[in-house]
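S.K.: The residues making up each chain are set out below.
Number of protein chains: 2
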Amino acid sequence: MLGIQLDRSSQIGISRQISSHIRLLILHARLVAGDALPSTRALAKELGVSRTTVSEAYEMLWSEGFITSRQGSRYRVEENITLPQHVSAAPGKADATGSDTFPQRIRYDFRTGLPDLSAFPFKQWNRLEKDILETVRPGDMLYGDAGGYQPLRRAIAAWLLRTRGVAANADAIFITSGATYAISLAIDVLAMNGGGVAVEDPCHLGIANALRLKNVDFDQVPVDMHGMRVEKIRQDGLSGAYVTPSHQFPLGYVLSAARRVQLVAMARQRDFTIIEDDYDSEYRFAGPPLTPLYSLAADQVFYIGTFSKTLFPALRIGYAVVPPRFHHAWLERRHYTDVQNPLVEQAVLSAFLDQRMMDKHMKRPTALYSRKRQLLIDALADHIPHAAVLGDGAGMHLAIKVEGLVFGEEFEKTCRNHGLYLTSCSRYASTRDYDDTLLLGYGAVEEKSIVPGIGLLARMISKS
Amino acid sequence: MLGIQLDRSSQIGISRQISSHIRLLILHARLVAGDALPSTRALAKELGVSRTTVSEAYEMLWSEGFITSRQGSRYRVEENITLPQHVSAAPGKADATGSDTFPQRIRYDFRTGLPDLSAFPFKQWNRLEKDILETVRPGDMLYGDAGGYQPLRRAIAAWLLRTRGVAANADAIFITSGATYAISLAIDVLAMNGGGVAVEDPCHLGIANALRLKNVDFDQVPVDMHGMRVEKIRQDGLSGAYVTPSHQFPLGYVLSAARRVQLVAMARQRDFTIIEDDYDSEYRFAGPPLTPLYSLAADQVFYIGTFSKTLFPALRIGYAVVPPRFHHAWLERRHYTDVQNPLVEQAVLSAFLDQRMMDKHMKRPTALYSRKRQLLIDALADHIPHAAVLGDGAGMHLAIKVEGLVFGEEFEKTCRNHGLYLTSCSRYASTRDYDDTLLLGYGAVEEKSIVPGIGLLARMISKS
Numbered sequence: 001m002l003g004i005q006l007d008r009s010s011q012i013g014i015s016r017q018i019s020s021h022i023r024l025l026i027l028h029a030r031l032v033a034g035d036a037l038p039s040t041r042a043l044a045k046e047l048g049v050s051r052t053t054v055s056e057a058y059e060m061l062w063s064e065g066f067i068t069s070r071q072g073s074r075y076r077v078e079e080n081i082t083l084p085q086h087v088s089a090a091p092g093k094a095d096a097t098g099s100d101t102f103p104q105r106i107r108y109d110f111r112t113g114l115p116d117l118s119a120f121p122f123k124q125w126n127r128l129e130k131d132i133l134e135t136v137r138p139g140d141m142l143y144g145d146a147g148g149y150q151p152l153r154r155a156i157a158a159w160l161l162r163t164r165g166v167a168a169n170a171d172a173i174f175i176t177s178g179a180t181y182a183i184s185l186a187i188d189v190l191a192m193n194g195g196g197v198a199v200e201d202p203c204h205l206g207i208a209n210a211l212r213l214k215n216v217d218f219d220q221v222p223v224d225m226h227g228m229r230v231e232k233i234r235q236d237g238l239s240g241a242y243v244t245p246s247h248q249f250p251l252g253y254v255l256s257a258a259r260r261v262q263l264v265a266m267a268r269q270r271d272f273t274i275i276e277d278d279y280d281s282e283y284r285f286a287g288p289p290l291t292p293l294y295s296l297a298a299d300q301v302f303y304i305g306t307f308s309k310t311l312f313p314a315l316r317i318g319y320a321v322v323p324p325r326f327h328h329a330w331l332e333r334r335h336y337t338d339v340q341n342p343l344v345e346q347a348v349l350s351a352f353l354d355q356r357m358m359d360k361h362m363k364r365p366t367a368l369y370s371r372k373r374q375l376l377i378d379a380l381a382d383h384i385p386h387a388a389v390l391g392d393g394a395g396m397h398l399a400i401k402v403e404g405l406v407f408g409e410e411f412e413k414t415c416r417n418h419g420l421y422l423t424s425c426s427r428y429a430s431t432r433d434y435d436d437t438l439l440l441g442y443g444a445v446e447e448k449s450i451v452p453g454i455g456l457l458a459r460m461i462s463k464s
Numbered sequence: 001m002l003g004i005q006l007d008r009s010s011q012i013g014i015s016r017q018i019s020s021h022i023r024l025l026i027l028h029a030r031l032v033a034g035d036a037l038p039s040t041r042a043l044a045k046e047l048g049v050s051r052t053t054v055s056e057a058y059e060m061l062w063s064e065g066f067i068t069s070r071q072g073s074r075y076r077v078e079e080n081i082t083l084p085q086h087v088s089a090a091p092g093k094a095d096a097t098g099s100d101t102f103p104q105r106i107r108y109d110f111r112t113g114l115p116d117l118s119a120f121p122f123k124q125w126n127r128l129e130k131d132i133l134e135t136v137r138p139g140d141m142l143y144g145d146a147g148g149y150q151p152l153r154r155a156i157a158a159w160l161l162r163t164r165g166v167a168a169n170a171d172a173i174f175i176t177s178g179a180t181y182a183i184s185l186a187i188d189v190l191a192m193n194g195g196g197v198a199v200e201d202p203c204h205l206g207i208a209n210a211l212r213l214k215n216v217d218f219d220q221v222p223v224d225m226h227g228m229r230v231e232k233i234r235q236d237g238l239s240g241a242y243v244t245p246s247h248q249f250p251l252g253y254v255l256s257a258a259r260r261v262q263l264v265a266m267a268r269q270r271d272f273t274i275i276e277d278d279y280d281s282e283y284r285f286a287g288p289p290l291t292p293l294y295s296l297a298a299d300q301v302f303y304i305g306t307f308s309k310t311l312f313p314a315l316r317i318g319y320a321v322v323p324p325r326f327h328h329a330w331l332e333r334r335h336y337t338d339v340q341n342p343l344v345e346q347a348v349l350s351a352f353l354d355q356r357m358m359d360k361h362m363k364r365p366t367a368l369y370s371r372k373r374q375l376l377i378d379a380l381a382d383h384i385p386h387a388a389v390l391g392d393g394a395g396m397h398l399a400i401k402v403e404g405l406v407f408g409e410e411f412e413k414t415c416r417n418h419g420l421y422l423t424s425c426s427r428y429a430s431t432r433d434y435d436d437t438l439l440l441g442y443g444a445v446e447e448k449s450i451v452p453g454i455g456l457l458a459r460m461i462s463k464s
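Residue numbers (our numbering), protein chains in the order written: chain A, 1 to 464; chain S, 1 to 464.
A couple of the hints might just be wrong.
The list treats identical chains as one, so a pair stands whether inside a single copy or across any two.
Said to hold, decoys possible - Cross-link-like lysine to any residue pairs, in silico, SDA-like; alpha carbons within 25 Å at most:
no., residue 1, residue 2
1, Lys360, Gly13
2, Lys214, Ala191
3, Lys448, Asp140
4, Lys130, Leu117
5, Lys413, Lys463
6, Lys372, Gly287
7, Lys363, Ser50
8, Lys363, Arg137
9, Lys130, Asp354
10, Lys372, Asp140
11, Lys360, Ala388
12, Lys363, Glu59
13, Lys372, His386
14, Lys130, Phe120
15, Lys130, Met358
16, Lys130, Thr414
17, Lys232, Pro288
18, Lys123, Arg137
19, Lys123, Asp217
20, Lys45, Asp299
21, Lys360, Glu56
22, Lys360, Asp217
23, Lys360, Leu128
24, Lys214, Ala329
25, Lys123, Asn193
26, Lys123, Glu332
27, Lys214, Arg325
Since the hints were made in silico from the structure, they are not lab data.
Make the full structure from the sequences, and use the hints.
M.R.: Following this line, the structure appears as structure tokens:
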């Protein structure tokens, strides 16, 4: 009668198949305004289904307004319901950003920014998570505070105090979905009234890309072995400056005390705010941890940290210590974007911190990265003796400079085709000054792969 | 010698107390460039601490660049390191957005948007989560796909197919931290080249506020009992239209078929994209679920759903079905904002869907809300017979209109002071047309509180 073909093996219910078919007939003007539908009895008989099934289909169409009915009479098609013909647009580029695919298996993975999870006590963490699941109350599973789970904010305040000497009020600590999000929110809050952001050059691509996507103007300020060359920051129209003072990304330098003071003084004078990204200063292999810029000028600094490097990235917990005058704008933005982090991870992390499991845990990755770093440095000395290791002994990667060479995308690609993943520093810089500099992460790479990996790198260099 | 007062009960280590003190002396020019610090032996003796402790403090200052040393001679203060005096800025408004504080305990909580978690099988969910913790591999705990955990995307595709007849490719389903975030990202992607967004009037405050914070121009289009009055959408400069076709928020109307077709045709003709927020259509108490707009024009619609209402808000999982031409822009934005949702929740939810626990679970809250809604409607008929219940029998709240009355903030406040939480519809509207309309949620309220709550509301109305 209506040409309906039922597919009884389909996951779509029969009544929905019927209504979909009729809907299409109406939309494509095969049934037009005023046309009567078959009675439920007739259509049910034709299709070999129950009348209830057909009624359901009709009710669906009726409640969507495709058909009308008057008491006692048959359903009829409503007025004004046909769809103009449409040619489908060509689909856009659908590939994911940042998801790398390798034709060749990577045997020597010197990527930066990835922790070595062999050092993470998943058993202990999972036990804690199971305990949390037993004790969490349904009331906690509703919406929470956009600032974060209160016990976690207190636990981070205590952790910052005992490990970095940072005295921050728990109410000024805002939990975020990783440090990237904290930086993104800080930029939103700072740039809301216009005004650019100064960044280091070279700088993490994530920051440059976030600024570009937000249409925030940015000023790339060159870096030397004392960190950002603060005197090069432009005079006007800045709302913020993004810096990595403890371990410049990617070069690894420490922002010197003179520059720190100069930056803080300039921020006050020119009325901009500093975003201090303390992404990996937990790992420092020589000397005690550095004191953050934040401690010099708490009211002028967003201090940003993450647990992606010390615990694991899929946890998605970072935080920002936010100057009070920005609290309102921050919370408002978070509230209208994604509200909050999920509760369970926040509760597990606060227990992990409160019970000092974090303090004990940190010894393992610190020792592991220290050992891997030393292995890497020794291997470099053996295989590529003309490579200079830049920066401070900290974090999860190092930069090497091989004067006279040019490492670019081509070199990266050739290496990857040989199973060796590393990153050319030129990706991160606006100038050609870092074409001779390579980044080697020692988080993801296995300990036993370091020496052969650097051996392979030496061969790739001598071939190029 | 330097006026250092140690606090041995402090959580801050002794060497850090020493370095902090000296740092302040330098910053405030009490020690100036070239000044020699005491020898480690002398300072250690004075303070009654070990030389190692003092050495650590000095190394800290040295590595930060506050002091220098030459072989064999004492540490001296570096050049150029004093901080200009600074008067602290007055702290800004620091209160949290959206966190309500009630002077009076709320006994009758008719807030909208909160699910009744008494219907949620936490035991079953937690058991599943524990199983997931046993089986998840460390490799999954690194960074994942900005589009979401692949098995969850597939599970949601299957769920949408079997419950709503929506045929969406798993690769077009993007997991987000709740629906709010999905809407926020859709707006970012649509408005990136300028262009306003049409919204319903009245409309969810979260959407209006998100648009305001993003500086996106919005066009408030009036609503009647057939949903948005599509013909009132302005002619030019639109990049998107945000609608709630299955259950208009807050009035509860269903967008009629004629309007649906009109909206889709207009979107094609004027080249804007529809954001379809299907926030609570899982709960529909009369007739089968409605077919989303998405099914009419998949390439022209962001279809957005959430598990905050069907499971629990602190899960923070929503999703969007995104037209292919926006995939790249979406993934890029997500990648540079917060990367992804945490893994564990995604894995638990995909198991919950795959094992059809979701399908079984949905029966409980559907029955519960149906019962509570009926109780509410009966109580309204008894106590406030002149109140008209608006909209379709769906979702977790209803709107009532009491002709001739004015409900505003004052009325809300008086009610709250009597322990009764409800919302005036005027909050959501740009005109005075909804001053006589109230919203009553039946998610949060306890079943036994519905009748006395409406009794109290009747008394509040007759008093006002």
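S.K.: Output the numbers, in ascending order, of every earlier hint that fails for this structure.
M.R.: Checked against the structure, the hints that fail are numbers 11, 16, 17, 19, 20, 22, 25 and 26, while the rest are satisfied.
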